[in-house]
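Protein chains: 2
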Amino acid sequence: MMPDFNRRHLLVAMAAGALSGIAGRAARAQADVLPSWSDGPVKQSILDFVKRVSQEGTADFVPVPERIAVFDNDGTLWSEQPVYFQFAFALDRVKALAPEHPEWKTTEPFKSVLAGDLKGLVALGEKGLLEIVGATHSGMTIEAFTKTVTDWLATARHPRFDRPYTDLVYQPMLELTAFLRGQGFKTFIVSGGGIEFMRPWTEKVYGIPPEQVVGSSGVVKFEMDADGKPVLMKEPKIEFIDDGPGKPVGINRFIGRRPIFAFGNSDGDQQMLEWTAARQGASFMGLVHHTDAEREWAYDRQSHIGKLDKALDEANAKGWTVADMKRDWKRIYPFEK
Amino acid sequence: MMPDFNRRHLLVAMAAGALSGIAGRAARAQADVLPSWSDGPVKQSILDFVKRVSQEGTADFVPVPERIAVFDNDGTLWSEQPVYFQFAFALDRVKALAPEHPEWKTTEPFKSVLAGDLKGLVALGEKGLLEIVGATHSGMTIEAFTKTVTDWLATARHPRFDRPYTDLVYQPMLELTAFLRGQGFKTFIVSGGGIEFMRPWTEKVYGIPPEQVVGSSGVVKFEMDADGKPVLMKEPKIEFIDDGPGKPVGINRFIGRRPIFAFGNSDGDQQMLEWTAARQGASFMGLVHHTDAEREWAYDRQSHIGKLDKALDEANAKGWTVADMKRDWKRIYPFEK
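Taken in sequence, the protein lines are chains A and B. Residue numbers in the first sequence follow the numbering used here, run continuously in steps of one, and reach 337 at the last position. Residue numbers in the second sequence follow the numbering used here, run continuously in steps of one, and reach 337 at the last position.
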């Protein structure tokens with residue numbers, strides 16, 4: 001006679017055989033598509049929404065071509081501390097370009113950058129920052145700029161983690177964007193960051209191709225170079241700021257459809273979420289709340305970077321989904337075990 | 001004994017049975033993917049190019065994500081005579097809005113429009129035209145504007161053909177864009193026309209979704225309406241002209257990749273073709289030459305609409321493909337037999 005545990009095993013095996021079709025389907029349905037998200041209302045709100053809009057014949061069904069999902073980048077798809085990564089890039093570019101600009105040693109804002117005096121730089125205000133962006137993001141072809149970005153990402157290291165900046169992407173958001181794409185969504189980045197700073201790497205890092213990246217931009221001019229070859233030159237002039245009320249404008253300009261799913265992390269995303277919420281039919285609005293000083297950073301209402309204040313109030317008042325990083329994310333970065 | 005013809009049939013049937021696999025593949029390979037294009041060097045140049053870039057392991061191979069194809073709209077995907085269809089829309093809108101603007105009866109350029117005096121209108125020059133576009137394309141939400149476009153297309157008739165304007169699309173180009181998509185290309189419109197005038201219908205008519213439409217645009221502003229609902233308002237101010245040197249700029253801004261395939265029909269497309277031609281690796285540049293006054297229209301170097309002069313010289317000098325409508329298109333419109 002078989003010992004009890006073996007009989008149980010046999011019964012289980014028989015049942016498994018008989019029910020293999022059903023079991024297979026059930027296993028697939030229950031596979032955790034968001035393994036880095038803790039179980040709870042936040043994760044459930046995402047799963048419920050996607051299920052609702054995907055069921056044909058129901059009131060909330062949204063046809064595949066209209067399943068537009070938009071994501072802020074800094075602080076939503078990757079970290080943004082201690083400074084926006086694009087700003088770290090600009091500071092490094094100032095240092096790299098300094099030999100060609102001896103006058104920078106005595107001219108602000110470059111003087112402060114070269115002296116490593118970030119406090120002095122901040123004291124110069126927005127004008128100083130814009131000058132740095134202008135000097136490091138223009139006066140070259142778009143291909144030359146792309147190369148400076150790619151080269152920088154290959155060599156620069158984040159000061160806290162001593163890793164490439166593109167390692168500091170959020171594992172839960174990689175899972176979420178991939179899950180949405182699997183459900184027929186088209187995923188877009190809608191970022192206050194520079195469009196040409198992001199496009200060289202978003203496809204490889206996030207699976208989001210250049211033509212699905214919306215961002216701030218400088219003026220670009222078509223001209224013939226000395227060899228009579230057409231080039232696009234980056235000029236030191238802002239064209240469009242894709243932030244705050246600029247985000248719905250950018251979405252309308254680039255995508256031409258209203259999103260049904262939007263995720264941000266700061267007051268700069270508030271209007272994008274409002275625009276999504278005001279669509280006729282089902283919509284999902286989400287915020288990442290940075291609450292984990294140990295694994296990432298903790299900041300919100302008082303932060304100069306990624307300030308989250310009014311948008312948090314609106315999210316709480318309107319029942320939007322707020323992902324508390326500490327509570328809702330089991331894993332933050334892909335490099336964590 | 002079977003009569004000869006039956007024996008032949010039997011042999012054929014046997015051979016067909018034996019070779020069905022090969023025959024099936026051959027039939028599919030030889031199916032005419034561009035049935036409205038006359039056989040000849042123009043059609044062949046398209047087929048050859050697509051074959052070249054699709055064969056993995058060859059020097060000209062282009063990976064699927066980089067197979068970006070761009071098409072001008074007016075005169076390339078649909079007709080543009082006797083006036084750009086968007087301008088016909090604007091004139092009809094002036095008439096429709098006139099009761100709300102009694103002052104238009106005595107104020108140019110509206111006075112000329114309402115009097116049916118197109119010569120007087122043309123005499124007012126570009127400023128007059130821009131005023132008409134401003135008055136008919138702004139002061140409303142983007143949804144309200146979309147509705148005016150959709151309503152107009154449902155009722156307006158082209159003066160020569162007495163058909164909806166969207167019937168005047170080119171059958172050969174419908175076949176070409178569908179063929180390219182089947183070969184992994186992503187097809188975009190890059191038009192001097194208004195982006196919000198095109199997006200309401202390009203998906204239905206061309207199979208090109210709103211997010212793959214690049215065009216000229218006016219300023220749009222995010223604001224809260226009287227009910228506290230967020231809206232995007234169209235303002236009477238030009239934001240971007242996607243024509244001539246603006247086309248490579250628009251391609252860079254919206255798509256962020258250089259096309260490998262570009263088709264236009266006028267000098268306004270010259271820089272887009274130059275930009276495509278200057279890419280490293282294989283590229284295809286094509287022009288539609290309007291040469292068929294009987295079935296469509298015949299115009300080029302002297303035309304005020306769709307002027308084709310310098311771009312034609314460059315195409316001839318550089319060996320770009322020039323589709324001669326009369327010679328290369330067996331059928332022009334889908335409604336032809």
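There could be a bad hint or two in this list.
In this list, chains with the same sequence are indistinguishable; a pair is considered to hold if it fits within one copy or across any two.
Only pairs whose alpha carbons sit at most 25 Å apart, straight line, appear in this in silico BS3-like list of lysine-lysine [to be verified]:
1. 237 / 318
2. 237 / 221
3. 186 / 204
4. 186 / 237
5. 111 / 127
6. 307 / 326
7. 111 / 326
8. 310 / 105
9. 111 / 307
10. 127 / 330
11. 326 / 147
12. 186 / 111
13. 119 / 51
14. 127 / 326
15. 337 / 127
It is worth saying that the hints were derived from the structure and are not from the lab.
Comparing the hints with the structure gives:
| no. | hint | result |
| --- | --- | --- |
| 1 | 237 / 318 | neither (38 Å within a copy, 35 Å between copies) |
| 2 | 237 / 221 | both (11 Å within a copy, 21 Å between copies) |
| 3 | 186 / 204 | both (16 Å within a copy, 19 Å between copies) |
| 4 | 186 / 237 | neither (31 Å within a copy, 31 Å between copies) |
| 5 | 111 / 127 | within (14 Å within a copy, 48 Å between copies) |
| 6 | 307 / 326 | within (18 Å within a copy, 62 Å between copies) |
| 7 | 111 / 326 | neither (39 Å within a copy, 66 Å between copies) |
| 8 | 310 / 105 | neither (41 Å within a copy, 49 Å between copies) |
| 9 | 111 / 307 | neither (28 Å within a copy, 53 Å between copies) |
| 10 | 127 / 330 | neither (40 Å within a copy, 61 Å between copies) |
| 11 | 326 / 147 | neither (36 Å within a copy, 46 Å between copies) |
| 12 | 186 / 111 | neither (44 Å within a copy, 47 Å between copies) |
| 13 | 119 / 51 | neither (49 Å within a copy, 58 Å between copies) |
| 14 | 127 / 326 | neither (36 Å within a copy, 59 Å between copies) |
| 15 | 337 / 127 | neither (42 Å within a copy, 64 Å between copies) |
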